[in-house]
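K.L.:
This is what each chain is made of:
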Amino acid sequence: MSAVPSAVDTRPPASSGGAAAFWKRLRAGDEIAIATTFLSAFTVILVTAVLVFELYQKSAISRHAFGWSFLTSTTWDPVAGNFGALPFIYGTLVTTALAMIVGIPLGVGAAIFLAELAPPLLSSALSFLIELLAAVPSVIIGLLGIFVMIPILQQIVPPVQDKLSWIPLFSGPFYGVSLFTAGVVLAIMILPFIISISREVILSVPNDQREGALALGATRWETTWNVVVPYARKGIAGSIFLALARAMGETMAVTMVVGNDPKIAHSLMAPGYSIAAVIANEFAEATGDLYQGALIELGLVLFGVTIIVNGAARLLVMSTEKRGSS
Amino acid sequence: MSPSPPRNTPWNRIRRKSVNAIMLTLTGVCTIFAAGILVFILGYLFIHGARSLNWNFFTKLPTPVGETGGGMANAILGSAKLLLVATMVGVPIGFLGGVYLAEFGGGGFSFLVRYVTDLLNGVPSIVMGIFAFSIIVLPQKHFSTLAGGLALGIMMIPIAIRSSEEFLRNVPLALREGSMALGASKARAIWSVVIPAAKAGLITGIMLNLARVAGETAPLLFTAFGNRYWSPGWEQPTASLPVMIYTYAISPYDDWHQQAWSAGFVLLAMVLSVNIISRVILAKKGPALR
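The listed protein sequences correspond, in order, to chains A and B. According to the working numbering, the residues represented by the first sequence are 1 to 326, in order. According to the working numbering, the residues represented by the second sequence are 1 to 290, in order.
Possibly wrong hints are sitting among the right ones.
As the list claims (entries may be wrong) - One side only, chain B facing chain A, incomplete, derived with CB under 10 Å: (1) Asn8; (2) Thr9; (3) Met23; (4) Met128; (5) Ile130.
In short, the hints are calculated from the structure, not lab data. We put the beta carbon where it would ideally sit given N, CA and C, even for glycine.
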């Protein structure tokens, strides 16, 4: 506890005996306060450590049974006790990539508009709406995905498919539930994160940067695109990484629209599966230690990947915020 | 863009101006699209959900398959109980941790706590479910309200810490100095002056945090599980609104779909009204919560 600043030393004159005891008690109050709050802060580290330990230990049986081939095997057969994670890893990667392709341009575009171009009143009103969008529970997004988005996509996709079916990515029958649907749903879910964090880092770009560019005769857009956005690029990248981590870990909405089919399909229009979705679907019914261990190992994989992406994102955002404020 | 300055020809000027106009419009379209999604979600839930919402929804148990009617009273109570457990787990730890970071912290340990807090905040909710499962459900060998509440409670900790730290930091230093100049110890000053000054922010922070975990479904699937009946006490599986929405939405019955819409409407109405009220209060009292 060397970190505690000792600037406040409120010891009274030692003349009065009763008062000294009183002050001692109060000093003791300080010590108690420091100890309890320190313990609470430490609990966070403890919880995280136990979380890692539990995931690692409870997946031991599966890690020993399959080794690294767990990550590359494509069979997922609970009956035969054969577990490979590749279909789920593939599904998570494809849906996330799709979400990023759709979400990044939309999100960064909206963030630029809100931070640089919109009149302040409009900007704060729209930012408020977008922050509310972030508060919508994912199960509700999934509900709308099933009953609203899928029927719409079933109207739109087949005609487009007729024209594009020579591209393998768009081939095959479209049932509504698919990797593509999950990607679009994910894109909607990560939008508010990209927008609100990017907006903040863009707002933190010092004004003299803008003024300099405008004074040189740059248009509003040139100022934004060539000066402000490059200045804030690390923070924007950070927001994208945060969104990436969130997209990979997103469970309910994906589970409801991805189709839950553990196959590696080469078409985006085919149903697929994701790591989070298979845990959500099968965990409660997983009988046998190996089955459960395999699902927990999937959780460990998901945890590891999101932690790495998140850690990088935080460092990026921090580095911009520091520079922006100086 | 290019290192050499563009020539100032009329054509070039027109080009630059039109690029400017087009890109400004495009970013505006992106924004309207993003904000429009929320309006769309709200509209749809209102149309579908409010239509079939009636008093039974709040007072009756779910009916067996095939029988129409019934409600989700047990799920509403279940959600409330889960949130109560979550609050008891998440708020004290988060709040005290925030006090440490704001008042006593500094240096390497605080940096570590903040960083780990942010990482914990980014852990997928389904993984939190596995965690609660492996430390409570597995040893006890049954699903329970406690396990679900613990999963949600752990999810509350990171935001509770960061928001209470932020609000305590916003209390002017002069208040601390003033009370200590009057002879209060540091603990006394924090307890009687700093925390009361930050009270509104702290409470809204907790409300926002609760609204966030109230909609969490994934960590409850194999901790609180589900229940078609009342769940007395804390040791039995319990229904909850988000899990009910999920199971009803993926079921093949039209009547259940209708109920899922109603439940979605109720959940979203609660979550959004807490969000709106809290954010309005925060906008008046202090800087917005991250």
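K.L.:
So which of the earlier hints does this model not fit?
P.N.:
2
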